[in-house]
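As a plain string of letters, each chain reads:
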Amino acid sequence: MLIKKPDDIKSSEITDERLYMNRRLFMRGAALAASTAATGYLYQKLLAPEPQRLTPAGKAEPGTQAAPKSWGLPGEEATTYADITNYNNFYEFDTNKTSVARRAANFVTRPWTVAVEGLVNKPKVFDLEELLRFPQEDRIYRLRCVEGWSMVIPWLGFPLSRLLAEVEPLGKAQFVAFETLYDPKRMPNQKSDVLDWPYVEGLRLDEAMHPLTILASGLYGEPMPPQNGAPLRLVVPWKYGFKSIKSIVKIRLVERLPPTTWNKAAPDEYGFFSNVNPQVNHPRWSQATERRIGEFGRRPTLLFNGYAEQVGQMYAGMDLKYYF
Amino acid sequence: MKDIQFRKILVFVNSLVPLALLGWDAYRQRLGANPLEFITRTTGTLTLLFLLISLAVTPLRKLTGLQWLIRFRRMLGLYAFFYGFLHLATYVWFDKSFQMRDITADVWQRPFIALGMLSFFLMIPLAVTSTDRMIKRLGGKRWARLHKLVYVSAIGGVLHYYMLVKADTRKPLVFALLLALLLGYRLYTTYSGRLKARPLSISKQTPPG
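Chains as they are written, first to last, in my numbering: chain A, 1 to 324; chain B, 1001 to 1209.
If you're looking for bench data, these hints aren't it; they were derived computationally from the structure. Just so it is clear, the structure is predicted and the values come from calculations on it, not from any experiment. Check each hint, because a few of them may be wrong.
What the hints assert, rightly or not - Heads up, simulated SDA-like pairs for lysine to any residue below, C-alpha to C-alpha not over 25 Å straight-line: (1) A:Lys45 <-> B:Val1013; (2) A:Lys124 <-> A:Pro111; (3) B:Lys1166 <-> B:Gly1032; (4) B:Lys1171 <-> A:Leu32; (5) B:Lys1096 <-> A:Arg299; (6) B:Lys1166 <-> A:Arg186; (7) A:Lys191 <-> A:Pro111; (8) B:Lys1171 <-> A:Lys124; (9) B:Lys1096 <-> A:Trp285; (10) B:Lys1008 <-> A:Gly75; (11) B:Lys1166 <-> A:Leu320; (12) B:Lys1171 <-> B:Ala1026; (13) A:Lys250 <-> A:Tyr41; (14) B:Lys1096 <-> A:Gly75; (15) A:Lys264 <-> A:Glu147; (16) B:Lys1166 <-> A:Leu32; (17) A:Lys45 <-> B:Lys1096; (18) B:Lys1171 <-> A:Arg252; (19) A:Lys45 <-> B:Gln1029; (20) A:Lys264 <-> A:Glu168; (21) B:Lys1166 <-> A:Val280; (22) A:Lys185 <-> A:Asn106; (23) B:Lys1166 <-> A:Asp196; (24) A:Lys250 <-> A:Val125; (25) B:Lys1008 <-> B:Gly1032; (26) B:Lys1008 <-> A:Leu32; (27) A:Lys45 <-> B:Ala1056; (28) B:Lys1166 <-> A:Ala266; (29) A:Lys321 <-> A:His282; (30) A:Lys185 <-> A:Val280; (31) A:Lys124 <-> A:Arg252.
Said to hold, decoys possible - So the derived label-pair ranges between C-beta atoms look like this: (32) B:Ala1180 <-> A:Tyr41: 24 to 30 Å; (33) A:Ala266 <-> B:Lys1062: 41 to 47 Å; (34) B:Val1107 <-> A:Pro51: 32 to 38 Å; (35) B:Ile1124 <-> A:Pro74: 44 to 50 Å; (36) A:Leu73 <-> B:Val1092: 27 to 33 Å; (37) A:Glu17 <-> B:Leu1146: 45 to 51 Å; (38) B:Leu1149 <-> A:Lys185: 47 to 53 Å.
The beta-carbon is built from N, C-alpha and C at its ideal position, and this holds for glycine as well.
In isolation and in its complexed conformation, chain A is listed as follows:
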């Protein structure tokens, strides 16, 4: 073994101090860059917002040419198509509102049928195309979510009463029960047990027959995007959003008050009626105000979501705190 004596090391082999410092600086720079990149990556994976998915390829945002500034609601403008289609509560796909658009993107809605049955003279399984042949109207409604945010949405649809007239409800029928598709292969989050699937909702018959109540087949003049409840969903504008059940496959007329999904999940928090009411708070948060998507501050929430004139008398004399 050869052990070199100190003076055996040629001076040329000694790393120059400046070079040594440079290398250290370089290593530190690299460590800083690599670690922040890793942290940034983790942030993107775990916390960052999902990019908004826009309209079907190549199409401009529908509202930009077609929509007039005000939609007949004074001082209120329609929420943008991008926001309406990228901020959805649709637990069948994802519990994260900004992930639903991506997870629902490939949801197949053809063929599709809606069975209308129960206490009716003429029960019938409708093909979706039949329902789309009913005259479709533009309806611009506020939508108030129970979570405290709201939108203004230009729906396309037809009155539910139009469909119910076809099947001729019997005198005994007092309520209408609705059911969403149950198919965990197509609705992946139905494999989880966050809610009791399939999603079910209900209305009193007079609420279902009310002219404001529609079955919506589209928005902004376009067919309904999957994340908003394609191909056909209920819209009841004076009730919290979760009442407006999506992707409906069954409508049943019944005598007794039907079970509803959120009421089953938390009976003290979500009642059968769930009318928008600033006076009746959610046990865990206030319902007095709401954040209109696209606006900065909060707006006062209106009784029956601003439709008191049209729907108020259906609830005349009712204790709205008790029947929440």
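Assemble chain B onto chain A, guided by the hints.
Positioned in the frame of chain A, the structure of chain B alone reads:
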């Protein structure tokens, strides 16, 4: 090894990365349809995350023997406080526009908000007494006892998260599980004879390695 100074810089800069990216996304208007909800949720998550990381320092140090890990604990705890402050500020400023009456009503009526506030306020004395001078002034033992408040704050914070979700409790439960592990480790080391807790080293001496 002098590198501890550099490692501190590494931790400092990396802890700011989420805030920088959040700010960048906000600037580009990429926070989605409800930016304020997103900021509130993200700063809240970061608060809990930094609480968990700072609570992980001691177990990690004991399990790996890497004594110098303790040098990051103060900074990590202060980052938890910092993100907690941003979280509260978003609520007070953007959600409530400094309407004290609304805020007090919220605190009285909604346990999850009261619990969140309490958990934040419990961090204030810890942040205030985090300097070397305050440690000396209080004396190590009293200081350590005071700083056990962080356990209460972390439990309160995780409960606050659990109570506000509508139905999908999976994420808060993950936080709860991690916190239970970290606190469970402490209970285990305190009460088991086999693994006796080593004294905290707050000394300036640089450990080997």
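Okay, the hints, checked on the actual structure:
no., hint, verdict
1, A:Lys45 <-> B:Val1013, "holds, 19 Å"
2, A:Lys124 <-> A:Pro111, "holds, 16 Å"
3, B:Lys1166 <-> B:Gly1032, "holds, 20 Å"
4, B:Lys1171 <-> A:Leu32, "violated, 30 Å"
5, B:Lys1096 <-> A:Arg299, "holds, 12 Å"
6, B:Lys1166 <-> A:Arg186, "holds, 24 Å"
7, A:Lys191 <-> A:Pro111, "holds, 23 Å"
8, B:Lys1171 <-> A:Lys124, "violated, 43 Å"
9, B:Lys1096 <-> A:Trp285, "holds, 13 Å"
10, B:Lys1008 <-> A:Gly75, "violated, 53 Å"
11, B:Lys1166 <-> A:Leu320, "holds, 22 Å"
12, B:Lys1171 <-> B:Ala1026, "holds, 24 Å"
13, A:Lys250 <-> A:Tyr41, "violated, 44 Å"
14, B:Lys1096 <-> A:Gly75, "holds, 22 Å"
15, A:Lys264 <-> A:Glu147, "holds, 18 Å"
16, B:Lys1166 <-> A:Leu32, "violated, 40 Å"
17, A:Lys45 <-> B:Lys1096, "violated, 30 Å"
18, B:Lys1171 <-> A:Arg252, "violated, 36 Å"
19, A:Lys45 <-> B:Gln1029, "holds, 19 Å"
20, A:Lys264 <-> A:Glu168, "violated, 30 Å"
21, B:Lys1166 <-> A:Val280, "holds, 18 Å"
22, A:Lys185 <-> A:Asn106, "holds, 11 Å"
23, B:Lys1166 <-> A:Asp196, "holds, 14 Å"
24, A:Lys250 <-> A:Val125, "holds, 9 Å"
25, B:Lys1008 <-> B:Gly1032, "violated, 34 Å"
26, B:Lys1008 <-> A:Leu32, "holds, 11 Å"
27, A:Lys45 <-> B:Ala1056, "holds, 22 Å"
28, B:Lys1166 <-> A:Ala266, "holds, 9 Å"
29, A:Lys321 <-> A:His282, "holds, 11 Å"
30, A:Lys185 <-> A:Val280, "violated, 39 Å"
31, A:Lys124 <-> A:Arg252, "holds, 11 Å"
32, B:Ala1180 <-> A:Tyr41: 24 to 30 Å, "holds, 28 Å"
33, A:Ala266 <-> B:Lys1062: 41 to 47 Å, "holds, 42 Å"
34, B:Val1107 <-> A:Pro51: 32 to 38 Å, "holds, 36 Å"
35, B:Ile1124 <-> A:Pro74: 44 to 50 Å, "holds, 47 Å"
36, A:Leu73 <-> B:Val1092: 27 to 33 Å, "holds, 31 Å"
37, A:Glu17 <-> B:Leu1146: 45 to 51 Å, "holds, 47 Å"
38, B:Leu1149 <-> A:Lys185: 47 to 53 Å, "holds, 50 Å"
Checked against the numbered hints above, the structure violates hints 4, 8, 10, 13, 16, 17, 18, 20, 25 and 30; every other hint is satisfied.
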